[in-house]
Amino acid sequence: MRKSLLALATGLLLAGSVSAASAADKLKVGFIYLGPIGDLGWTYQHDQGRLALEKELGDKIEVTYLEKVPEGPDAERAIEQLVRAGNKLIFTTSFGYMDPTLKVAKKYPNVHFEHATGYKRNANMSTYSSKWYQGRYIQGLIAAKMSKSGVLGYIGSFPIPEVVSGINATILAAQTINPNIKVKIIWANTWFDPPKEADAAKALIDQGADVIMQHTDSPAAMQIASERGKLAFGQDSEMIKFGPKTQLTSILDTWGPYYIARVKAELDGTWKSEDTWGGLDSHMFAMAPYTNMPDDVKKIAEDAQAAITAGKLHPFKCPVIGQDGKEIECKGGANLDDGQILGMNFYVKGIDDKLPGK
Amino acid sequence: MQLVLEKRTERSNTIALVSPLVAIGLTIVTMTILFAVLGKNPLLALHAYFIAPLTDSYSLQEIAVKATPLVMIAIGLALCYIANAWNIGAEGQFLIGAVAGSWIAVKTQGTDAGVWVLPAMLVLAAAAGALYALIPAICRVRFGASEILTSLMLVYVADLFLDYLVRGPWRDPNGFNFPTTAEFDSVATVPLLIEGGRLHLGSIIALLVVAAAAILLGRTIKGFEIRVVGAAPRAARFGGFNANQLIILTFAVSGALAGLAGIIEVAGPVGHLQPGISPGYGFTAIIVAFLGRLNPLGIFIAGLFLALTFIGGEQAQIAMKIPLDVTKVFQGILLFYVLACDSFILYRFKLVFPNRQVARGTG
Chain H
1 MRKSLLALAT GLLLAGSVSA ASAADKLKVG FIYLGPIGDL GWTYQHDQGR LALEKELGDK
61 IEVTYLEKVP EGPDAERAIE QLVRAGNKLI FTTSFGYMDP TLKVAKKYPN VHFEHATGYK
121 RNANMSTYSS KWYQGRYIQG LIAAKMSKSG VLGYIGSFPI PEVVSGINAT ILAAQTINPN
181 IKVKIIWANT WFDPPKEADA AKALIDQGAD VIMQHTDSPA AMQIASERGK LAFGQDSEMI
241 KFGPKTQLTS ILDTWGPYYI ARVKAELDGT WKSEDTWGGL DSHMFAMAPY TNMPDDVKKI
301 AEDAQAAITA GKLHPFKCPV IGQDGKEIEC KGGANLDDGQ ILGMNFYVKG IDDKLPGK
Chain D
359 MQLVLEKRTE RSNTIALVSP LVAIGLTIVT MTILFAVLGK NPLLALHAYF IAPLTDSYSL
419 QEIAVKATPL VMIAIGLALC YIANAWNIGA EGQFLIGAVA GSWIAVKTQG TDAGVWVLPA
479 MLVLAAAAGA LYALIPAICR VRFGASEILT SLMLVYVADL FLDYLVRGPW RDPNGFNFPT
539 TAEFDSVATV PLLIEGGRLH LGSIIALLVV AAAAILLGRT IKGFEIRVVG AAPRAARFGG
599 FNANQLIILT FAVSGALAGL AGIIEVAGPV GHLQPGISPG YGFTAIIVAF LGRLNPLGIF
659 IAGLFLALTF IGGEQAQIAM KIPLDVTKVF QGILLFYVLA CDSFILYRFK LVFPNRQVAR
719 GTG
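Here the protein sequences come in this chain order: H and D.
Residue numbering for the first sequence follows this note's numbering, beginning at 1 and increasing consecutively.
Residue numbering for the second sequence follows this note's numbering, beginning at 359 and increasing consecutively.
Chain H with its partners taken away, still in its complex shape (with noise of 0.2 Å):
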């Protein structure tokens, strides 16, 4: 009896330190979320990216994720626990991870880090983001040819540099169209909050705003300017099912092919420190079917993300006028360069607002 116990604990070991190698024979890849996965909007968006990547190189890697880790102490916790359970790669999926990011790196610098949308690296630590201001040209183009009222409704997060070039590129588009167009803009101070998004929508509406455009994450606002009869553009993911009679189009954050391509390079011993910006071009992120609209509009759309994706158009296309008048220095040749646009602190003429912080 004792033997066969003694037997069945050595089978179990050995069961174990087998079912170990072969779980140590995978990469493990982590990834660290802002929001819930169920937040249909970013963190859903980043989760379907870890999905896509599963499901190319799941015989390869074995993936883990912590969601809903706030932007404050815990982050740098949770990303050491990452590193000490074996992950090899992790992505860190939100600004605010920077700092702790960049310490974890430095402390191990045998882990590759990978951090969305910020500006510090490491030999060891990659940043990626994408040019959704591209994006947003096209929405101003829309916007200002669907809106009867002239007034866009602009909803923002954070005056960051990324969402204050998003609504200059909105503005500088619409602008082609409509030169009198106006925008009203409510800053939320929150990438995710459904009540605080939907009150801005109806507070937009309420000033004018026949067209909603959003830099939050829920599809909150969609649904308002559902009720209320208006027109919205979704944000991150697909909303079309929030506003099937509203939704004009939506940047739709793609991150699963940059993953699968990063992960591909750390399976092959490429991987190197990089700063991935990429667009339309680099399929970063795309346009969700041009909707609501006639088609002479829709072909406006079109051509623009056609001619965005070729090179031959740039939103920031010299001159660049900011609120004060003066024209913008033009450091990129024929268009402001990626330095200004990634730290693009001002409003161009024409928006009836002042920066907040300025």
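By construction, these hints were calculated from the structure, which means they are not laboratory data.
Treat the numbers as computed from the prediction; the structure is a model and nothing was measured.
Accuracy of the hints is not assured; some may be wrong.
Chain D residues, not near chain H, derived (Cβ > 10 Å throughout) [to be verified]:
no.: 1; residue: K365
no.: 2; residue: D470
no.: 3; residue: S504
no.: 4; residue: R556
no.: 5; residue: I573
no.: 6; residue: L575
no.: 7; residue: F582
no.: 8; residue: G588
Pair ranges (Cβ atoms, derived) [stated by the list, open to error]:
no.: 9; chain 1: H; residue 1: S273; chain 2: D; residue 2: F519; range: 50 to 56 Å
no.: 10; chain 1: D; residue 1: G690; chain 2: H; residue 2: N345; range: 25 to 31 Å
no.: 11; chain 1: H; residue 1: K331; chain 2: D; residue 2: F519; range: 35 to 41 Å
no.: 12; chain 1: D; residue 1: V710; chain 2: H; residue 2: P244; range: 57 to 63 Å
no.: 13; chain 1: D; residue 1: L402; chain 2: H; residue 2: S273; range: 33 to 39 Å
Idealized CB from N, CA, C, for every residue including glycine.
Starting from the known structure of chain H, fit chain D onto it as the hints suggest.
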């Protein structure tokens, strides 16, 4: 036949001792069932929650780091609650302390200011937290305004004030407009206790606070006053104790401790001021205070235990792919059982037979 909850004539010391163990036992049973339903091995899951974090120095450090602000704030809150003063706004006092201390760090940035910076930050943070807590205390004493509401509402004021500062005047000029101050200089940073780890001096300060509170409550006249005012206000009045003065005092102390915890968190694990420096420490500390039965040593243990469930919850998410929501459910169930079991310290079940009662009533 009817089951009623009846107040005991005196508190049951046996149950007071047994209750936490029963609560943990019931939690384990419930979670075992839940894990089994989810198709996870309950033994491995419970191991990931409770045992694994205690087996390596890294996790132990993390537990201490997480528990530090919780324990410090909860000690202050316990003093208030014992004295029947309801400070719900520790979160705001935490933030204001963080802001006040950061002011020195931001203003001395890059000036080679010297070693006085960190002590000055700690003192200023404690003072600011205390002053901020005095607002609801004075409103209560002078105007009879509910300190529960005023202290709670001041949380949002503090939150927005911090938000304004890091988006406006204190924003890192090289930070691409992102809402954060620059990283603090090393003289403005709480020193680490272990090279390469995250354990910092704040944990030692928290231990000192626990000891000081234990002495205050157990061995001093002031501590006695606080307890009497809370437990028997009438007796306290006859004894000549000034309840209003104690409200002011306990609020100030608890505000100071929350403010201190705030700057330690910012100048320690975070390293700069930004929105979201507190994942609700000021509110979680209320749970810690009650879980520890408003007793300093109990709070110390409760703080560590709650930190363990956070760290363990994360490790369970990683090791077992258990969703975050299950961790939340786990914490909720645990608190539920602890509070439920604790109610038997003061109450007991009694079977009531209506017939017999009627008979007694008429006879």
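Consistency of the hints with the structure:
Separation of K365 of chain D from chain H is adequate, the least Cβ-Cβ distance of about 41 Å exceeding the 10 Å criterion. For D470 of chain D, the condition that its CB be more than 10 Å from all CB atoms of chain H holds, with the nearest at approximately 23 Å. Every CB of chain H lies more than 10 Å from the CB of S504 of chain D, the least distance being 26 Å, so the non-interface label holds. Look at R556 of chain D: its CB is around 7 Å from the nearest CB on chain H, not clear of 10 Å, so calling it non-interface is violated.
For I573 of chain D, the shortest C-beta to C-beta distance to chain H comes to about 30 Å, beyond the 10 Å cut-off, and the non-interface label holds. Residue placement check: L575 of chain D keeps its beta carbon more than 10 Å from all beta carbons of chain H (closest about 29 Å). The non-interface label for F582 of chain D is consistent with chain H: the shortest C-beta to C-beta separation is roughly 37 Å, beyond 10 Å. Against the 10 Å criterion, G588 of chain D stays outside the reach of chain H, whose nearest CB is about 33 Å from its own CB.
Between S273 of chain H and F519 of chain D the C-beta distance comes to about 38 Å, which lies outside the given range of 50 to 56 Å. For the pair G690 of chain D and N345 of chain H, the beta carbons lie near 44 Å from each other, so the given range of 25 to 31 Å is not met. Between K331 of chain H and F519 of chain D the beta carbons are some 37 Å apart, a value that agrees with the proposed interval 35 to 41 Å. Under the hint 57 to 63 Å, the C-beta atoms of V710 of chain D and P244 of chain H, about 59 Å apart, fit the expected range.
A hinted range of 33 to 39 Å holds for the C-beta pair L402 of chain D and S273 of chain H, which are about 36 Å apart.
Of the numbered hints listed earlier, those contradicted by the structure are 4, 9 and 10.
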